[in-house]
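Engineer: The listed protein sequences derive, respectively, from chains A and B.
Under the numbering used here, the first residue of the first sequence carries the number 468, and numbering increases by one thereafter.
Under the numbering used here, the first residue of the second sequence carries the number -19, and numbering increases by one thereafter.
The set of hints was computed from the structure by calculation and includes no laboratory data.
It is possible that part of the hints are untrue.
What the hints assert, rightly or not - Straight line, CA to CA, 27 Å or less: simulated BS3-like cross-link-like pairs of lysine-lysine:
| # | chain 1 | residue 1 | chain 2 | residue 2 |
| --- | --- | --- | --- | --- |
| 1 | A | Lys562 | B | Lys36 |
| 2 | B | Lys42 | A | Lys551 |
| 3 | B | Lys204 | B | Lys187 |
| 4 | B | Lys389 | A | Lys488 |
| 5 | A | Lys473 | B | Lys394 |
| 6 | A | Lys551 | B | Lys51 |
| 7 | A | Lys471 | B | Lys192 |
| 8 | B | Lys36 | A | Lys554 |
| 9 | A | Lys562 | B | Lys75 |
| 10 | A | Lys500 | B | Lys36 |
| 11 | B | Lys36 | B | Lys143 |
| 12 | A | Lys625 | B | Lys392 |
| 13 | A | Lys526 | B | Lys364 |
| 14 | B | Lys204 | B | Lys192 |
| 15 | B | Lys389 | A | Lys473 |
| 16 | B | Lys75 | B | Lys56 |
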Amino acid sequence: MKTKTKDIKIYCDITRCVGCKSCEIACAIEHSKSKNIFAAVKETPLPKRRVETQNIGSKIISLHCQHCEDAPCVKACMSGALSKDEKTRATIHDKEKCVGCWMCVMVCPFGAIIRDAESHIAVKCDLCPDRDDPSTGSGLRYACVAACPTDALFAGTKEEFEKNLSKKKGNSKH
Amino acid sequence: MNYVIIGGSAAGVTAAETIRKNDKKAVITLISDETFPLYSRCLLTYLIAGSIDESKLCFRDKDFYKENNIKTYLGKKAVSIDRKKKSVSLEGGTKVPYDKLLIATGATPKTENIPGVNKKRVFTIRRIDDARAIIKILDNVNKAAVLGGGLIGLRDAYALRQKNKEVTVVVKSQQVLSQMVDADAARIIATLLEKNGIKIMTGAAAKEILGKDTAEGILTDGGKRLDCQLVIIGKGVNPNTQLASAAAIKVEEGIVVDEFLKTSDKDIFAAGDVAQTYDVARDAKRINALWPSAVEQGQIAGLNMLGKNVSYEGSLSMNSVDFFGLASISMGVTKPKEEGYEIISRIRKNEYKKIVLKENRIVGMVLVGDVGSAGVISILIRNKIDVSSIKGKLLDERFDYAKIMPLVKKFKDKFRQEEYQDTIMTF
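Looking at chain A on its own, in the form it has when it is part of the complex (with noise of 0.2 Å):
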């Protein structure tokens, strides 16, 4: 189980990702109130997902909020919605207290706090809390990650992810 921990974290390897969306149809089925693509195009409100693929030229990057340690985010927020998990340094967002400001918005480097203009509230990363029993899904911890099918996405520290790499290229000196 890779669980966000202050060194486990969400990377992307952009040489594999190819912008297939992936990450975000699952991210958004995971945000559903049913958990199922087929119910859950026919919800309302429609489940938001709060991953992105973009791109640069032909290089393209699956992005979401990257739990900085020092967030501008939790520092802008004016109703204590955005906070520090203490434990697993993820940074939390808190619905019920949420006034939709945007201040959230204005300050994301990464862009990666969306404005939810059906509910009026911020919408990002929670690190898919229902997914948090190991008996769900494929085992795998997030839904991104499990739902990528080149393996750019990938769940661990970074010497592993760098390790994951190095493998990958099929050249075990590095």
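Guided by the hints, dock chain B onto chain A, whose structure is given.
Structural biologist: Frame of chain A, contents of chain B only:
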């Protein structure tokens, strides 16, 4: 060490929290002239609008002071600072000694210098008591006048309109939000406000507030009479520098601080709406009376009170509003008055974008409608990045983080935080 903080809002509370995180043994005392602890002023208009109740006003847990072992004097005003004896005197005579002191006394709303401002039912909105008093009489109000068409005035008007009051905003300039956006963007916002029932009277000022003891209307400088049962003055704030000036601490527009947020007294720091800090977009000293700046400054001041020597990168003026589902964000220099600026802008139906550049670096922006790229642009402003290579993309709908990745790679020294480096490991 004995740390004393005057002020219990964003800057003061963040400083106290920062000190406690780094020093479990420190003696921390916080003084505030308000009794309601830990509430967010910025939420008061949401409270008036009825979109939240008082239980949602707090930006920290109710037990925050207790859990962090912070001694408080709530509802006590600090009246003087004795720098020689290193102590703060409170109303009623209590003396609070300090080793390091933070002045985070905030600001007071500007008022109008016209006859009648002291009548009942004339308000500014800054403190919980203001909001409570307004809510109390709201059932007996049909019409309200808001003096000021800036951000504060419009927020006040928006709150009242959500309570179905007939609201007229009286604006001195020829447009709303004149400090923040130019006429094109102002028109988009004003049209939407008017469509939703907020009347806007531009090029006018209140000359007098009418009524016996209680406000019954206003008289404009054009001689027009507007009947109303509530008048709100929403015109910005003045820093509460009195305590500092009386103690002969250097004050200009606000309390003067160095890059460590230290005042002219080496043991006294200032942060938040009262502090005059370096503005990164303007490259000058300025007060940016904003929640995010107050939190940042509270954190830096706290660290420096602990002796950590952390310099403050500076503040950036910025604001975000959402009226009837139309979001607007502005940042930095939006209406340059001198030569030497380059402006790129685009206007569409219900959408406006403007980027202000100086020597190929972004120094300001206004986004109305589509605000998704605000955060990415904010970091380009903060880090003073040369954007010549992506200038043509800045106004694009899909101007997102990926578009600045080449710059993150090129200017590694400016994007030092690990989070940036993590995104470009394979780029």
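Engineer: Next step is simple, just say for each hint if it's right about the structure.
Structural biologist: Consistency of the hints with the structure:
no.	hint	verdict
1	A:Lys562 / B:Lys36	12 Å, holds
2	B:Lys42 / A:Lys551	17 Å, holds
3	B:Lys204 / B:Lys187	10 Å, holds
4	B:Lys389 / A:Lys488	25 Å, holds
5	A:Lys473 / B:Lys394	23 Å, holds
6	A:Lys551 / B:Lys51	24 Å, holds
7	A:Lys471 / B:Lys192	64 Å, violated
8	B:Lys36 / A:Lys554	25 Å, holds
9	A:Lys562 / B:Lys75	42 Å, violated
10	A:Lys500 / B:Lys36	26 Å, holds
11	B:Lys36 / B:Lys143	19 Å, holds
12	A:Lys625 / B:Lys392	18 Å, holds
13	A:Lys526 / B:Lys364	25 Å, holds
14	B:Lys204 / B:Lys192	18 Å, holds
15	B:Lys389 / A:Lys473	24 Å, holds
16	B:Lys75 / B:Lys56	12 Å, holds
Hint violations for this structure: numbers 7, 9, all remaining hints satisfied.
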